[in-house]
Amino acid sequence: MTASTAEPVARAPVPVKLLGIVLAGAAVSVALGVYGKVHDPTGEKPYTLFFSDTINLKVWFASAAVFLAAVQVLLALRLYDKVHVPRTSPPWLGDAHRLTGVVAFGLTLPVAYQCLWALGFQSTDTRVLVHSLLGCFFFGVFTIKVLAVRTHGWPSWLLPILGGTVFTTLVLIWLTSSVWFWREFGFPSF
Amino acid sequence: MGFRRFVNIVEVVAGVAVLVFVIALFANEPGGGSGSTAKSGPGYDVYLSNCARCHGQEGQGGIGPRLAGEVTTAFPDAKDEIALVRTGRDGMPSFAGDLSPTEIEDVVAYTRAELNK
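Protein chains in written order, with this note's numbering: chain C, 142 to 331; chain W, 11 to 127.
Looking at chain C on its own, in the form it has when it is part of the complex:
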């Protein structure tokens, strides 16, 4: 009896929630841009791991992140029934989608750190400016995507739009950095 008469939990309307997560993402983007502009770039190479140079690490990590992100998009297409391979969707598909996304994101962190800390926000030419802007935008829109995944009540089109935006931004960042590097200096060794 009490259950049937209990008042529904008040939820913020979708536009208000959407505004909230967009503001959070914008704050992340702006914060990274301000840091990159204000911070004195060191020009240093803080780590190489098992690579011969930091730039090689960055090219390979960014490329691996794009590959995993592409896999994540394919898994999302299966989750949304836009493709039918495999014919029966395995129960672990959603977790695999999460895992590829998290690992892809993790690979972007050391790349972004060296960009921000050693190089900063640059505008020396169009490619560099576009890369700097997209780098800041990526982490903002990624924040929005994560917050949207963690909350409920969104229209069905929102997550695919956000996921597609994150993926597109990552590819554009990769094109203006790793692919540019291949074209200018050749395919990097490890």
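Calculated from the structure, these hints are not laboratory results. Keep in mind that this is a model prediction, so the values were computed, not measured. Each hint should be verified, as a subset may be incorrect.
Unchecked claim - Coverage of chain C stretches by chain W, computed from C-beta distances (three or more under 8 angstroms per stretch; other residues unrestricted):
| no. | region |
| --- | --- |
| 1 | 171–183 |
| 2 | 247–259 |
| 3 | 265–279 |
Said to hold, decoys possible - One-sided excerpt, in silico: chain W residues whose CB lies under 7 angstroms from chain C:
| no. | residue |
| --- | --- |
| 4 | F13 |
| 5 | V20 |
| 6 | E21 |
| 7 | A27 |
| 8 | R63 |
| 9 | G66 |
| 10 | G72 |
| 11 | P103 |
Unchecked claim - Here are the simulated distance ranges between beta carbons:
| no. | chain 1 | residue 1 | chain 2 | residue 2 | range |
| --- | --- | --- | --- | --- | --- |
| 12 | W | R99 | C | V224 | 39 to 49 angstroms |
| 13 | W | V26 | C | P187 | 12 to 22 angstroms |
| 14 | C | P154 | W | A34 | 30 to 40 angstroms |
| 15 | W | N126 | C | V271 | 31 to 41 angstroms |
Virtual Cβ for every residue (Gly too), placed ideally from N, Cα, C.
Take the given structure of chain C and dock chain W to it, following the hints.
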């Protein structure tokens, strides 16, 4: 169940990595005093604003090649270094649109005098 738990753990690790990322950005702030020499002058200012991010604050090299102690060997004639700064080469951008001819001459003089010590 096991796979989901594994993914949850990976997500927690990624969250920690984000924290480390943010802390490292601020904890690793350069210019704490060790190793940096007090310099001034127009060439120095231009160098810090435009060149240090790739060649290092002390010209020690980084994304770009080392300048300290090597720039006059690579460019015995200062005019060649000025031309390179103007036009750019390989991964180095052209600074003709960003720096005036005087600024380029100042920064080249700085790299040849101060960084070469």
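Would you check whether W/G72 satisfies its interface hint, that is, whether its CB is within less than 7 angstroms of any CB in chain C? Interface hint status for W/G72: holds (4 angstroms vs cutoff 7 angstroms).
Tell me if the beta carbons of W/N126 and C/V271 are separated by a distance inside 31 to 41 angstroms. holds, 35 angstroms
Apply the coverage criterion to the region 247–259 of chain C and chain W: a residue qualifies when its Cβ sits closer than 8 angstroms to a Cβ of the chain, and three qualifying residues are needed. holds (count 7)
Holds or violated: the hint that W/V20 contacts chain C, with Cβ atoms closer than 7 angstroms. Holds, because the Cβ-Cβ distance from W/V20 to chain C comes to roughly 5 angstroms (cut-off 7 angstroms).
Has the region 265–279 of chain C got at least three residues whose CB is nearer than 8 angstroms to a CB belonging to chain W? holds (count 3)
When you take the CB atoms of W/V26 and C/P187, is the distance between them in 12 to 22 angstroms? holds, 18 angstroms
CB of C/P154 to CB of W/A34, is that within 30 to 40 angstroms? Since the Cβ atoms of C/P154 and W/A34 sit about 39 angstroms apart, the hinted range of 30 to 40 angstroms holds.
For the hint on W/R63, just tell me whether its beta-carbon gets within less than 7 angstroms of chain C. OK, holds: W/R63 within 7 angstroms of chain C, min 3 angstroms.
For the hint on W/A27, does the least C-beta distance to chain C fall short of 7 angstroms? The hint holds - W/A27 has a Cβ within 7 angstroms of chain C, the shortest such distance being about 5 angstroms.
Does W/G66 meet its interface restraint, that is, does its C-beta lie within less than 7 angstroms of any C-beta in chain C? holds, 4 angstroms
If you take the shortest Cβ to Cβ gap from W/P103 to chain C, is it below 7 angstroms? W/P103 check passes; min Cβ-Cβ to chain C is 4 angstroms, inside 7 angstroms.
Does W/F13 pass the interface check with chain C, least Cβ-Cβ distance below 7 angstroms? Holds - the Cβ of W/F13 comes within 7 angstroms of chain C, reaching about 5 angstroms at its closest.
In this structure, every one of the numbered hints holds.
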